[in-house]
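Same order as they appear, the protein sequences are chains P and C. With our numbering, you'll find the first sequence wraps up at 193, consecutive numbering, no jumps. With our numbering, you'll find the second sequence wraps up at 304, consecutive numbering, no jumps.
The set of hints was computed from the structure by calculation and includes no laboratory data. Any given hint could turn out to be false.
What the hints assert, rightly or not - The list that follows gives simulated cross-link-like pairs (lysine-lysine, BS3-like), each with its CA atoms no further than 25 Å apart: (1) C:Lys-185 x C:Lys-199; (2) C:Lys-205 x C:Lys-248; (3) C:Lys-43 x P:Lys-82; (4) C:Lys-240 x C:Lys-205; (5) P:Lys-47 x P:Lys-93; (6) P:Lys-170 x C:Lys-205; (7) P:Lys-47 x C:Lys-22; (8) C:Lys-236 x C:Lys-43; (9) P:Lys-120 x C:Lys-205; (10) P:Lys-120 x C:Lys-185; (11) P:Lys-184 x P:Lys-162; (12) P:Lys-82 x C:Lys-22; (13) P:Lys-131 x P:Lys-162; (14) P:Lys-131 x P:Lys-93; (15) C:Lys-248 x P:Lys-82; (16) C:Lys-185 x C:Lys-94; (17) P:Lys-47 x P:Lys-22.
Stated by the list, open to error - So these bits of chain C aren't anywhere near chain P, every CB distance computed over 10 Å: (18) Thr-7; (19) Thr-29; (20) Glu-31; (21) Val-49; (22) Asn-78; (23) Ile-96; (24) Asp-210; (25) Thr-221; (26) Pro-233; (27) Pro-285; (28) Ala-286; (29) Lys-288; (30) Arg-294; (31) Ser-295; (32) Thr-301.
From the three backbone atoms N, C-alpha and C, an ideal C-beta is built for every residue, glycine too.
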Amino acid sequence: MSKVNKDSIITLPNLHLRQRSKKVGIINDDIKKIIDDMELAVIDWDKSRAHEVTVALAAVQIDSLLRLVIIRDDFDHGTPAKYTALINPEIMKYEGEIEYDYEGCLSIRSVYGYVPRHSKIRVKARDLDGKEIRLNATGFLSRVIQHEVDHTNGKLFVDHIKHAEDAFYKLTNKGDLVELDYEKDIKNSRILW
Amino acid sequence: MKKISKTVVFFGSGPVAAESLKRLNEDFTIEAVITKPKAPHHKGPVPVVELAESLGLDIYTADSKTALDSIFDAQHFNSDVAILIDFGIIVSRKVIDYFSLGIINSHFSILPEWRGADPITFALLSGQEKTGVSLMILVEKMDEGPLLHFEEVGIPSSYDNPQLTQALIECSNSLLSQVMPKYIKGDIKPFTQAKTGRKVSYSRKISTLDSRLDFTKTAETLEREIRAYIGWPGSKIELKDKNIIITKAHITNEYVKPGNFEIQNKNVLLVGTSSTALSIDELKPAGKNNMDARSFLAGNTHLL
């Protein structure tokens, strides 16, 4: 079996990213192995990037169509990074206000978006022991969970801003975001849509 | 989901900087390390350069304020904030302003106490029971910037310079790790140095001139000098043209004439000061290893 690394991460236009993932039943060693693989893929990917850091990943991104995500414990610092797994995460309620911020996706190469998200959500999931957890997420964590739950439903961040002409950016080699030309680079992209 | 990582630029040159960088690299994405180049006649290690190379970080060197300015003319840095520790070069207004959140300096005293080049040595010389670490936003005037945080560190009466330095490095590392992310997020409001309740005082660079033990001083002062100057420049006496570094001593209740030596029971070596005598516990004759008083007295009584 080949080793899991950053190249195990699938990217658009791979159509698996547009599929709904299946619920996880019993949390057995196969599931734990997938979680380990997700972490390995993320750690390897982060090493290759100078200006970006992975804050979360969904199983579909390593081509396992399961409702399974990992979220980095500390978004701003902490090396080696630690992750928490959420199994079958579900957003029970959207609250708060709509906030805009930049987000990117390991499965969408070189595009960042200025994406509206709810500032507060109530989440239900299971942990690795199968125990039900409920949490109220706010701020950036709320954004991250919405992005990942979207993945489990076959949705991507670009879908939220599909018609927003000024919401698409790319990251330069120096680490700055510069706006993309919507007409030229985005509107009729064969990769994104 | 991925996001753009918050990076920091690190300014630092000495061994304290290297120890800090090692830990900071675990907590932050270091965009670049700016450090002093190896001096032409310098034979010793350049710990920051060696560490940064082993960590695969980008390194820029500057040996002066103007050389530092020209790095910032030629290079683009993406970081909004920088951390400066044990750097050894004055930073111009231009470089300070380059970072929208400023340059954060970890200073090893509770400001405004012991501003200047050597706060650790001066805290030991003063005999105070505690010092600490301040995280300060660098301004042009030396060590006068507003603070983000400060924390006290106790000085046990036995502590020498390397021990206190280590304790302060650990305090600094944990402060930077806790405070910097909050500061970057905008959750910390800087405050003036007056808020710490400490009085303004100044330290200076220690020189080899400070190494000569002057027995017209009190035993208390001399014992502190020995702890403060250990490592460098050392506390020296000269016996028949031989240089001897005193590495450990304690204060006694005995009286000996200032500058005179007295041997007791072949294993105690007292020297008179302007107060009571100092008992020399350990010493290092030039070219020899560190030894205790008994070993020294076994072969060197002719020097006394």
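Going through the numbered hints above, which ones does this structure break? Give me the numbers in ascending order.
Hint check: 1, 3, 4, 5, 6, 9, 13, 15, 17, 18, 19, 20, 22 fail, others pass.
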